[in-house]
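According to numbering that gives the first Met the number 0, the sequence shown holds residues 0 to 367 in order.
Think of the hints as simulated: they come from the structure by calculation, not from any bench. Careful: at least some of the hints might be erroneous.
Said to hold, decoys possible - Here are the simulated DSBU-like pairs of lysine-lysine, each with C-alpha atoms no more than 30 Å apart in a straight line:
{"no.": "1", "residue 1": "Lys327", "residue 2": "Lys342"}
{"no.": "2", "residue 1": "Lys331", "residue 2": "Lys342"}
{"no.": "3", "residue 1": "Lys289", "residue 2": "Lys327"}
{"no.": "4", "residue 1": "Lys289", "residue 2": "Lys342"}
{"no.": "5", "residue 1": "Lys331", "residue 2": "Lys289"}
Stated by the list, open to error - Okay, the calculated beta carbon distance ranges per label pair:
{"no.": "6", "residue 1": "Gly308", "residue 2": "Leu102", "range": "30 to 38 Å"}
{"no.": "7", "residue 1": "Gly357", "residue 2": "Asp86", "range": "16 to 24 Å"}
{"no.": "8", "residue 1": "Arg117", "residue 2": "Val250", "range": "25 to 33 Å"}
Quantities reported herein were computed from a predicted structural model and do not represent experimental measurements. Don't be surprised by glycine CBs; every beta carbon is placed ideally from N, CA and C.
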Amino acid sequence: MTTTAPYTAPLGTDSDLVDRAAAVMEQAVRTGAADAEVILRESDEFEAHVRMGALETLKSSGSRGVGLRVFVEGEGGMHVASTSSSDLSAHGIDHLVSGALQLARMSSPDPLQGLPEREAFGRLPVDLELYHHDVYSMPVEQRVEFARRTEGASLAADSRIRNSGGGSFDAATSHRILVNSRGFSGSYRSSYCSLSTSPIATGAGGEMQRDYWYSSARSVTRLDSPESIGEEAARRTLRRLDGRKVSTQQVPIVFSPEIARSIVGAMADAANGDSIYRGASFFSGRMGEKVASLDITIVDDGTLPGLFGSSPFDGEGLPTRRTVLIDKGVLKSYLLNTYTGRKLGLPSTGSASRGLTGNPGIGTHNLY
Numbered sequence: 000m001t002t003t004a005p006y007t008a009p010l011g012t013d014s015d016l017v018d019r020a021a022a023v024m025e026q027a028v029r030t031g032a033a034d035a036e037v038i039l040r041e042s043d044e045f046e047a048h049v050r051m052g053a054l055e056t057l058k059s060s061g062s063r064g065v066g067l068r069v070f071v072e073g074e075g076g077m078h079v080a081s082t083s084s085s086d087l088s089a090h091g092i093d094h095l096v097s098g099a100l101q102l103a104r105m106s107s108p109d110p111l112q113g114l115p116e117r118e119a120f121g122r123l124p125v126d127l128e129l130y131h132h133d134v135y136s137m138p139v140e141q142r143v144e145f146a147r148r149t150e151g152a153s154l155a156a157d158s159r160i161r162n163s164g165g166g167s168f169d170a171a172t173s174h175r176i177l178v179n180s181r182g183f184s185g186s187y188r189s190s191y192c193s194l195s196t197s198p199i200a201t202g203a204g205g206e207m208q209r210d211y212w213y214s215s216a217r218s219v220t221r222l223d224s225p226e227s228i229g230e231e232a233a234r235r236t237l238r239r240l241d242g243r244k245v246s247t248q249q250v251p252i253v254f255s256p257e258i259a260r261s262i263v264g265a266m267a268d269a270a271n272g273d274s275i276y277r278g279a280s281f282f283s284g285r286m287g288e289k290v291a292s293l294d295i296t297i298v299d300d301g302t303l304p305g306l307f308g309s310s311p312f313d314g315e316g317l318p319t320r321r322t323v324l325i326d327k328g329v330l331k332s333y334l335l336n337t338y339t340g341r342k343l344g345l346p347s348t349g350s351a352s353r354g355l356t357g358n359p360g361i362g363t364h365n366l367y
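Please construct the entire structure, taking both the sequences and the accompanying hints into account.
Given below as structure tokens:
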């Protein structure tokens with residue numbers, strides 16, 4: 000069995016973290032940045048993995064970090080750079096700020112770079128139910144037992160299931176703070192947990208097949224029962240046994256949800272503003288045109304309570320929203336952050352994604 004010790008105690012309360020982020024931002028502006036943006040993030044993760052009923056892996060780990068993006072005025076536009084660090088000491092922050100400013104002065108200017116306008120910032124005023132305390136308040140012994148029950152249900156489902164890749168209980172929480180020099184300050188917590196198992200079955204001819212199933216949610220109370228997950232994993236594994244070849248033919252195809260999502264995702268990738276302004280998408284220049292069947296409507300919605308793609312604001316501090324990409328086959332919108340919106344002469348769709356470093360990217364929220 001492998002174990003990993005948990006990291007040290009959190010940095011402080013929500014207001015403490017916002018104050019820390021604001022202090023980094025103010026230091027960057029005070030020492031030369033025209034604008035600055037700070038992300039502060041704490042997270043922790045847990046995994047319990049059992050195989051054939053025995054505990055194999057128990058992990059608990061965490062991380063914290065700060066990311067800084069600075070804008071320095073120059074001839075021809077803004078010079079932009081970003082740095083990140085896990086060292087939140089005074090010396091570490093000094094190094095973070097000075098490094099970002101030094102890198103920015105070496106970068107090429109861009110007239111379209113810069114934070115969003117002040118009036119664009121905001122956050123959803125409702126509770127999106129992103130954080131549930133039970134994800135980490137559940138005793139470790141109970142988490143292990145959940146993993147054991149999930150695997151056990153798959154093994155007990157049929158005599159042809161004689162082995163297992165194991166059963167797992169995973170959990171994670173995170174705390175994210177975003178502060179910038181144009182007056183935006185926001186934070187939110189989120190939680191995640193999942194149960195899964197992967198049984199192995201043996202067919203009549205001795206061939207072995209495996210499949211899996213899982214359940215994931217923001218709260219333990221919203222997970223499917225361990226028994227139902229194990230039984231479904233067994234069903235999916237057993238249907239793979241004793242397969243036969245069919246002749247080449249043209250037939251209708253029904254995609255399962257976990258496969259269909261990749262097709263819908265490809266449509267969202269084509270609507271990505273970065274690909275649009277570079278002319279690298281088959282949706283470029285086709286706004287308002289028919290691009291799909293009349294049966295197809297695709298929506299990206301970051302405002303749905305309790306879902307993994309929801310958040311009160313995007314990676315730039317703009318409120319998330321519901322965006323209809325395709326309506327009855329007609330292309331209605333692209334997915335845009337502030338920079339790509341400026342490139343195309345359009346407003347952001349609240350689709351900015353952001354890690355600790357780098358400029359904001361573009362992502363989806365809850366795509367369906």
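How the hints compare with the structure:
{"no.": "1", "hint": "Lys327 with Lys342", "verdict": "27 Å, holds"}
{"no.": "2", "hint": "Lys331 with Lys342", "verdict": "18 Å, holds"}
{"no.": "3", "hint": "Lys289 with Lys327", "verdict": "8 Å, holds"}
{"no.": "4", "hint": "Lys289 with Lys342", "verdict": "23 Å, holds"}
{"no.": "5", "hint": "Lys331 with Lys289", "verdict": "9 Å, holds"}
{"no.": "6", "hint": "Gly308 with Leu102: 30 to 38 Å", "verdict": "32 Å, holds"}
{"no.": "7", "hint": "Gly357 with Asp86: 16 to 24 Å", "verdict": "19 Å, holds"}
{"no.": "8", "hint": "Arg117 with Val250: 25 to 33 Å", "verdict": "56 Å, violated"}
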